[in-house]
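In this text, residue positions in the sequence shown follow numbering that gives the first Met the number 0: the first is 0, and each later residue adds one.
Calculated directly from the structure, the hints in this document are not laboratory data.
Don't take each hint at face value.
[To be verified] Here are the simulated BS3-like cross-link-like pairs (lysine-lysine), alpha carbons at most 27 Å apart as the crow flies:
1) K239 <-> K206
2) K65 <-> K86
3) K40 <-> K51
4) K141 <-> K114
5) K162 <-> K239
6) K79 <-> K40
7) K86 <-> K114
8) K206 <-> K91
9) K162 <-> K221
10) K141 <-> K248
11) K141 <-> K171
12) K162 <-> K79
Computed from a predicted structure; not experimentally measured.
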Amino acid sequence: MVIQTCEALRACGPPLFSSIKLAPPKRFRNCKFSVQNSSLKNDSRKLILEVKEKLEKEHYSLPVGKNGRDDEDMILWYLKDRRFSVKEAVAKLTKAIRWRQEFGVSDLSEDKVKKMAETGKSYVHDFLDINDRPVLIVVASKHLPAVHDPLEDQKLSVFQIEKALSMLPAGKEQLLVIVDLRGFSTQNADLNFTTFLFDVFYYYYPKRLGEVLMVEAPFVFKPIWQITKPLLRQYASLVKFCSVETVRKEYFTEATLPVAFRE
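Kindly produce the complete structure, drawing on both the sequences and the hints.
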């Protein structure tokens, strides 16, 4: 195999061949690896273009631009999510783009969710966690399904997911969600909203949810979790029950710790 590799390199011409040192075997593996990477990029590019063409041909009424049918970053993300199946990526993308259009995601703003945001039931933390993930904090005791408009709750959640994603550093892809369960009671339980939230992550923000911390869950939460868990599908594995102390020590520095967890 070394002889064949050398012959292949020699065929590229003297300058290239002369720059390769044959002694360390790792150099060949590195060279081969880079070729594979290039091949993967080319294959991904072909699949992106294939998805674009299918969307244009079969779903031409969908919007274009950022988060539209020709958004190549979005297309690549859904291809990865669907294990590079063009058919599955097109189906999931079509559903996601239509949902964004019908829900009015691009029209959401601080002013439009201000009233619900003022309840303090959820907010995007100003700092990243120690893994450089944007942080969305939910205060369960302030969620009152019997009082609050469910559609306004949904709009606030989607707006804050979008805001958190806009804070992603280069090379980072996922969010941390912290659910503060201190003071939680049955009046705060909302199966419909919980199902909506995880459906949104599954269908419209796939693989963006990195971890969900359930902090200081009271005993009354246990039966509710037993009902909720099966509805979350694979996302249930992302849920971790922990204490305030764990949040302090394992997820933030002293400077970046949310105020609510300093007490």
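Each hint, compared with the structure:
no.	hint	in the structure
1	K239 <-> K206	holds, 17 Å
2	K65 <-> K86	holds, 21 Å
3	K40 <-> K51	holds, 16 Å
4	K141 <-> K114	holds, 14 Å
5	K162 <-> K239	holds, 23 Å
6	K79 <-> K40	holds, 12 Å
7	K86 <-> K114	violated, 41 Å
8	K206 <-> K91	holds, 13 Å
9	K162 <-> K221	violated, 31 Å
10	K141 <-> K248	holds, 25 Å
11	K141 <-> K171	violated, 30 Å
12	K162 <-> K79	holds, 23 Å
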